[in-house]
Amino acid sequence: MQKNLLETQHVSVQYGGVNALDDVSVVIGEGEIVALMGPNGAGKSTVIKSMFGLAPIASGEVLLHGEPYVPIPHNIVHKSVSYVPQGRRVFTHLSVEENLEIGGYIVKDKSLVKDRIAAAYDLFPDLKAKRDKYSGTLSGGQQQMLAIARGLMTDPKVLLLDEPSLGLAPKIVKEVFELVSKINEERHTAILIVEHNLQSLLPIAHRAYVLDHGKVIIEGDAQKVASGDILERIFMGTYKPTH
Amino acid sequence: MDFVVQLTINSIIAGSIYTLMALGFNLTYGATKFFNLAHGVMATIAGYTVFYFSSQPLYISIPAGIFAAGLVGYVLDRTIYSPLRKRKASNMVLLVASLGVFTALESLIALKFSSQHQSLPEIFASVPTFNLFGGSFTAIHLLIVASAAVCALGLHALLKYTLFGKAINAVSDDEEVSKIVGINTNRLMGQVFFVGSAIAGVAGILVGFDTVIIPIMGMPLLLKGIIAAIIGGLGSLWGGVLGAFLLGFVENFGIWHISGEWKDVIAFGLLILFLIFRPQGILKKS
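Protein chains in written order, with this note's numbering: chain A, 1 to 243; chain B, 1 to 286.
Each hint should be verified, as a subset may be incorrect.
Said to hold, decoys possible - From chain A, some residues computed to sit far from chain B (all C-beta separations above 12 Å): (1) Q9; (2) E30; (3) P85; (4) K130; (5) R131.
As the list claims (entries may be wrong) - With a Cα cut of at most 35 Å, we get these calculated DSBU-like pairs of lysine-lysine: (6) A/K133 with B/K263; (7) B/K160 with A/K157; (8) A/K128 with A/K174; (9) B/K88 with A/K79; (10) A/K108 with B/K263.
The hints are simulated quantities; they were obtained by calculation from the structure and are not laboratory data.
Where is the CB? At the ideal position from N, CA and C, for every residue including glycine.
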């Protein structure tokens, strides 16, 4: 039976009295790619932030390996969970290699950090050529690769990816999703992806959740979710909830 | 000609003191993004700690002074600034809090040691004076310049070649992502305050050895450090150094034909010019 690695259980998040998430339960199981979809403002990024201790949970809880866990951002990374935030957000005043070193900040064995940097260069050859360049000088696609590579430096069991295709050219988006799939297959890393680009995401996802107005509207097998017209209706704003 | 040499020497000495103040100020500003006005009183604390331990050998009292400044900076962060940051206080609130800390600590020092100036023990049995191309300077001046160079290069090495330094740069860049990669940013900021305050302590002790110590010595040092940091580029280590020496030279050569009382007018005039025409400072891109 597949083990649940990280989940939110009936989580509600409020910002200034406004519900950003309402009773949301999302599960990431061992080795799977989970898609989190929905229109702007649906609360997709807030789900990830609540798992990482970056959003104020009003009710509900986060479970790690099935046990209740109060997430604190600088601690959860010790529990083999990594987060690549939206907008790339590399450390622009550090070089590519320094970004990777900082990605391995919590790794005590520094020879392991070196090995992982070498592995990151194998996975992202473009970064190797620019290892001494300031990351602020990289292209958008390279910065996204670096952000993902930085997230892999702790060799996480769960990787949370927030809008990895945002602002990237279609060719680069394709490369990013191929890499995500490769990371999942080769490293068995469970991946939760928040994404707008359904065309790229759904073919590689195992399961999917669709959010609207802070609630989970549908969940299940990614291909089944993709086959109906509900996604189109949600994105077009014509979906009417029955409850 | 001799006068020009002497002015140059004076400028370098002043630039070195301002460098020491700007280094620590820029370090804490880079990590926390607020104007820590209490930075000035760290110089006073270090000077008075050396004075307090006057009966002890200098190899004890000087490190004690530097450590005391660092420790007070660390404790202030843990007890005042860190709780304020956790409550998401604005930078203006933090600035006002630091001004309160500055005033309170300065008053406490005056209460304990009187508001009169005091002399630190002699650092050299007889202060040697050197002559260079017609200009003169003392061994303490040499120590000031050497200390500024050692602190600047040491801080550069810390930031560039250690994981601790890279983590400081990361926090300066993006605090939230720094947390995401596992950096305990609150603890790191406490450590940054320790280092920054200790460097300000070095400045206070050296000024004390060169002249005297007085409870109100922190404000002029702070202001010159801030001017140097702003004109060099806030948060930039080498920008601060450049700003400090530019300020030292402009201040000293500016009063060539006029009274020394114009020094502050020139210093703040330079600051205003930079704020209008190059607010990002010398080394920061616009």
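A quick look at each hint next to the structure:
1. Q9: holds, 23 Å
2. E30: holds, 22 Å
3. P85: violated, 6 Å
4. K130: Its Cβ never comes within 12 Å of chain B, the nearest being 17 Å, so this holds.
5. R131: holds, 14 Å
6. A/K133 with B/K263: Cα-Cα ~42 Å, so violated.
7. B/K160 with A/K157: Between B/K160 and A/K157 the Cα gap is close to 31 Å, so the pair holds against 35 Å.
8. A/K128 with A/K174: Satisfied, since the Cα-Cα distance of roughly 20 Å is no more than 35 Å.
9. B/K88 with A/K79: holds, 27 Å
10. A/K108 with B/K263: violated, 52 Å
Checked against the numbered hints above, the structure violates hints 3, 6, 10; every other hint is satisfied.
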